[in-house]
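Asker: From first to last, the protein sequence lines are chains H and B.
191 is the number of the first residue of the first sequence in my numbering; add one for each residue after it.
197 is the number of the first residue of the second sequence in my numbering; add one for each residue after it.
Since the hints were made in silico from the structure, they are not lab data.
Warning: the hint list may mix true and false statements.
Stated by the list, open to error - Which stretches of chain H does chain B cover? Using the computed rule of at least three CB atoms under 8 Å from a CB of chain B, they are:
hint	region
1	277–283
2	291–302
3	340–347
None of these values were measured; they are calculated from a predicted model.
Here a beta-carbon is modelled for each residue, glycine too, at the ideal position from N, C-alpha and C.
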Amino acid sequence: MTALVEIDVLTKSYGGFVAVDDLTLSVPSGQIFALLGPNGAGKTTTIRMLMGILVPTSGSARISGLDCFRQRVEVKRKVGYLPDEPVFYDFLRGSEIIRFSGEMHGLSKAEIEECTRPLIEQLDLGDALDEFAVNYSKGMKKKLALVCAMLHDPALLILDEPTNGLDPFATRALHEIIRGKAAEGKTIFFSTHLLDQAEKLCTQIAIIAKARLVALGTLSELQARLSSDSSLEEIFFAVASESGSASGQ
Amino acid sequence: MSSSRPISTPRALWILTRLSLRRHLNRHNIRFARKQRAFLQHSVPTGRTPLKNLVKRSATPTKGSGLPVFSIFLFLLLGFNGFMLGGRGLALLSSTVQNLSGSTGDKIAVTLSTETRLKQADDALRQVRQMRDPVGREKYLGMWNRYLDGVFLNEVRRGAYSDEEENARLQHMREVFAQQGAAGFARLDSAGFWVSSNTWPAAASARSVFLIALSLTLLLWIPLIVFGSLAQTTRTSDK
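Modelling step: build the complete structure from the supplied sequences, incorporating the hints.
Answerer: Quick look at the structure:
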């Protein structure tokens, strides 16, 4: 299987503080890949480097063979990105923001309409599209950003804490969308600190703690590291505490 | 496979400009809608109006209804001023172009009143030269030549020339008049106050200069509006 996302000894530091330390992993096509970690572990920093928003201090990140920073415009054509806290222009309605995103991807009005209609229905966003986006709740903003991220039907979806702020109905709808996209052969790379979500959805899991990768593999591979019937929660606490004691020594 | 397609820079600029205009329009629409709502809340209710609508606001002063009238007046005044300035600008541009592009040819440009006086003097001198009485002829020739000197002096003193330049110009005018009469002078076009059919230059060379000048003005003006709007958008999104 070819790797869609390749991260090679990626490091990001701010002065003396290291946010991501020598991260190396690859995500094959068609996978649902979860980046797990406690708050401040470096999940969002990794995602921002993948999107070309941050420049790596050293190492490289590639998507479909394209350098994530040097070729960030081309990368954005292949990727749909949902930030942790989406920010929209003021004085624009939801429908106007969707149209703007679609036009910047070179889509016609009819294509935008065709691509977004099922998503809008699934996320129950229809009634809110005539309202100004800045007045949306956090969950509504997340739904709108998700529609914008998916309207060009990208091969890779990068979702930063996607269910953060969503109600249970929207969370379920999002899970269905993620499964549907994976079934279509798309790759989903998402960060979360919700262990049950990763357990339910993912085919591959990476756990990072204190800026370093501490575990990588399928759920069964991770279970094999401890005892055979450990839950992801037990695995997470075990590897995170191992990492804590290792860095403390 | 992703359906995202690259777009050209002009297309991207057009989308951003349209987005910026849309935001401005939405902002103004909201302001207008708020005012309309406030006006409806404070108007006298009629028919089966719910009781809550009859409650008048007492804690804060109501906005005066004179404001929209004043705004309309101000808007009309600004519109009129804009129209007048634009028209005057066009007329001035046309006049400058017509004078610059040498529509007077090799003739000396003079004001309308000077041109009239010169024609009058030319006619009179022609009649005087035909007089049979030499004494009378000399007398009237001297009178009209003095009159011409006065006319030339007035014309020259309109411009800011040094004494030497004045003398040289006077001499040149006298020579031209002696050789060609009033035909050696042409009226300097002054800008009309209103835009009229005369604003469009008749001469082909003047017309092309006028069109180039107008196009350049518009070309500089449009980027100013577009980039100003984009800068405003960026500043707002930064906030």
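Asker: Taking the hints in turn, state whether each one holds.
Answerer: Taking the hints in turn, this is what the structure says about them:
Remark: the region 277–283 of chain H is confirmed as covered by chain B, as 5 of its residues place a Cβ nearer than 8 Å to a Cβ of that chain, reaching the required three. With 6 residues carrying a beta carbon less than 8 Å from a beta carbon of chain B, the region 291–302 of chain H meets the three-residue requirement, and the given coverage holds. Counting residues of the region 340–347 of chain H whose C-beta sits closer than 8 Å to any C-beta of chain B gives 4, which meets the bar of three, so the coverage hint holds.
Checked against the numbered hints above, the structure breaks none of them.
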